[in-house]
Amino acid sequence: MNKLTMVQALNLALRQEMEADDSVIVLGEDVGMDGGVFRVTDDLIHRFGASRVVDTPLAESAIVGMAIGMAAYGLRPVCEIQFSGFAYHNFHQLENHAARLRWRSRGRYPVPMVLRAPYGAGVRALEHHSESREVYWAHTPGLKTVIPSGPRNARALLVSAIRDPDPVVFYEGKALYRAFREAVPEAVETLPIGQPQIAREGSDVTLIAYGAMVRPTLAAAEALDVQEGVKAEVIDLLTLSPLDDRLLVESVRKTGRAVVVHEAPQSFGPGAEIVARLMEGAFFYLEAPIERVTGFDIVVPLFSREKSYLPSVPRIVRAVRRTLDQG
Amino acid sequence: MPHEKIVPDVSITSLAILDAEGKVDKDLEPDIDIQTLLKLYRFMVLARRFDERLVALQRQGRIGTFPPITGQEAAQLGAVAAIRPTDWLVPSFRETAAELWRGRGLDNIIIANNGLNEGGIMPDHSRDFPVSIPVASQIPHAVGLAWAARYRQSDEVVMVFFGDGATSEGDFHEAMNFAAVFQVPVIFVCQNNQWAISIPLSRQTRSETLAQKAVAYGMPGIQVDGNDILAVYAAAEEAVARARSGGGPTFIECVTYRVLMHTTADDPKRYRSDEAVDAWRRKDPLIRFETYLRAKGVLDEAKIAGLQSEIEGEIKAAVDHAEARMKTMGDPMEMFDHQYAAMPPTLRRQKAILERELAADGREVEHE
Chain E
154 MNKLTMVQAL
164 NLALRQEMEA
174 DDSVIVLGED
184 VGMDGGVFRV
194 TDDLIHRFGA
204 SRVVDTPLAE
214 SAIVGMAIGM
224 AAYGLRPVCE
234 IQFSGFAYHN
244 FHQLENHAAR
254 LRWRSRGRYP
264 VPMVLRAPYG
274 AGVRALEHHS
284 ESREVYWAHT
294 PGLKTVIPSG
304 PRNARALLVS
314 AIRDPDPVVF
324 YEGKALYRAF
334 REAVPEAVET
344 LPIGQPQIAR
354 EGSDVTLIAY
364 GAMVRPTLAA
374 AEALDVQEGV
384 KAEVIDLLTL
394 SPLDDRLLVE
404 SVRKTGRAVV
414 VHEAPQSFGP
424 GAEIVARLME
434 GAFFYLEAPI
444 ERVTGFDIVV
454 PLFSREKSYL
464 PSVPRIVRAV
474 RRTLDQG
Chain B
201 MPHEKIVPDV
211 SITSLAILDA
221 EGKVDKDLEP
231 DIDIQTLLKL
241 YRFMVLARRF
251 DERLVALQRQ
261 GRIGTFPPIT
271 GQEAAQLGAV
281 AAIRPTDWLV
291 PSFRETAAEL
301 WRGRGLDNII
311 IANNGLNEGG
321 IMPDHSRDFP
331 VSIPVASQIP
341 HAVGLAWAAR
351 YRQSDEVVMV
361 FFGDGATSEG
371 DFHEAMNFAA
381 VFQVPVIFVC
391 QNNQWAISIP
401 LSRQTRSETL
411 AQKAVAYGMP
421 GIQVDGNDIL
431 AVYAAAEEAV
441 ARARSGGGPT
451 FIECVTYRVL
461 MHTTADDPKR
471 YRSDEAVDAW
481 RRKDPLIRFE
491 TYLRAKGVLD
501 EAKIAGLQSE
511 IEGEIKAAVD
521 HAEARMKTMG
531 DPMEMFDHQY
541 AAMPPTLRRQ
551 KAILERELAA
561 DGREVEHE
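Respectively, the protein sequence lines represent chains E and B.
So that you can map any letter, position 325 of the first sequence is 478 in the numbering used here, and since no number is skipped, the others follow by simple counting.
So that you can map any letter, position 299 of the second sequence is 499 in the numbering used here, and since no number is skipped, the others follow by simple counting.
These aren't lab readings, by the way, just hints derived from the structure by calculation.
The beta carbon of each residue, even a glycine, is placed where N, CA and C say it ideally should be.
There could be a bad hint or two in this list.
DEER-style ranges, computed between Cβ atoms [as the list claims (entries may be wrong)]:
no.: 1; chain 1: B; residue 1: 407; chain 2: E; residue 2: 210; range: 18 to 28 Å
no.: 2; chain 1: B; residue 1: 408; chain 2: E; residue 2: 172; range: 49 to 59 Å
no.: 3; chain 1: E; residue 1: 190; chain 2: B; residue 2: 479; range: 27 to 37 Å
no.: 4; chain 1: E; residue 1: 384; chain 2: B; residue 2: 353; range: 15 to 25 Å
no.: 5; chain 1: E; residue 1: 172; chain 2: B; residue 2: 517; range: 53 to 63 Å
no.: 6; chain 1: E; residue 1: 172; chain 2: B; residue 2: 471; range: 56 to 66 Å
Every beta carbon over 12 Å from chain B, so not counted as near; a handful from chain E, in silico [as the list claims (entries may be wrong)]:
no.: 7; residue: 178
no.: 8; residue: 211
no.: 9; residue: 277
no.: 10; residue: 286
no.: 11; residue: 288
no.: 12; residue: 332
no.: 13; residue: 357
Next comes chain E alone, as it looks inside the complex (with noise of 0.2 Å):
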């Protein structure tokens, strides 16, 4: 097997799915000759022309809108919005009516398309190249927001967006890109959306992440058996909505204790509704307050001080250790 960065096995998956089935499309900006700021889309326009690998205009709202246009007539779009930072300009277009076109039409036009964008903080970027605000799309009935956290993961969770009768927004952590290689399967491989995975098996305390927080989650956990001998459960997420709750639940019966990381600031975040979750479902098995090591209800600083604003290996550490005093 081929070891592949995570943008390496971006574009596997979608060179695959657009030499299976001619109605996938690429479109956005950069996307063809340039192959796509990251290079997610490199060559794609060589192998398959820019009828299929198509250059649009600058401008979010319209890409999303033909996106939409485009799949209802049945073709598979696959957009690519250069910075979740800028998606906002399309904001509307998922909510209105890519979110509820096959509502509205009773099932009529459903909305088969994927919106691809770069989301998190970590690369030293500029203002608005940093964000991770996940939670306005899993706020959204009607769309699937899919976020992997590496290479043989997000290729797989690709191939089934791409796939997918709904409309799915997939989020990449940017940080992610180029952080590391994984073996990744020539064969087309899919995962289920929706499905949370478990990433490392313990018995003494859950952690619940996603997308970039996965690797000092799981750097977290092997710390705290090495230094401890503390077995931590670590839970990838992989799909934030809908959110698949049974196997958090499941785990939190078996552990007791939960600490949820994510880089989105903490208020309303996506680790507000999985705390509510693990209440309904595991409130009774709970030894101690669940944790949640997350970003700040702040814009995310500028590259100099966004080590301090994202949760750390010692800060999820930190947080494991004070649910495990408790009780």
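With the hints as your guide, set chain B onto chain E.
Just chain B, lined up with the frame of chain E:
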């Protein structure tokens, strides 16, 4: 030459074929067969009478808020008559006349306006989008449909409707720009009815015409008398032919007037005078077309009377049918349908909770 003229003077034409008295300009008269002319007339009358009936139903509390179309029959029907059933219609929320022409059931419209999702049900073969309420947001969808049609090497075209207010929105600009850059087969039909709720056209734009906006995007733009169905048809037919043959998009500004309120929740007396409305009522597109058809010898008093009573019957039957159908609707659990292709576990759980709660409500009512 420091100030060289690089864009020659732009000229925008305004097309009218029937004058205010219904007299036709023979040189411009489009070649429409008698059957189609009479069908157009029939749908103009149907749209007008149905609009009146809907206002009455709303006033009686039998339907909810809805946006009337009176005065815009020609601007809608003239345009939509130029496309084929296999072409695409992307309406805004004020295109009842166009939707009726395309085959949307009157009962369906009544049901939708009575707050039931079932009114949105459309046949699988439908090429019409459902109504879109956020202003201008539907315009980019037309570009995507047209792009897809061309990608599939189909000769289908897409006709998208929107109002004068929509031309102030970013989505209008973005969609016009995309359509021109990609040269896709879209016909942009602007219903310039002079008012966006209380805001007159002069507060939407400083342009002398809306049609001239097309020039900046690099596509043909034309203004037509939107109360002259022959002019609207002629302009649409030309735009459709151009789009179908690969000539790209066209923008058509139909100058018309919103004779009634924005929606039944609006009171236009707050912002415009009755005199201004009366002046436009005198330009009624229906009377103008009727005069033309009489002069042509294809319509007379007896035919009009017959048609009127036929349409009254059709509307009454539709209202009766819709009200009967609505009695079988209203299962609250329907609200969970069509959110996703397959219902996710969380939603199944929430649906079960509501089912239990409603059952508990029912038991409490019984108890009382």
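Hints violated by the structure (numbers, ascending): Hints 3, 4, 7 and 8 contradicted; others consistent.
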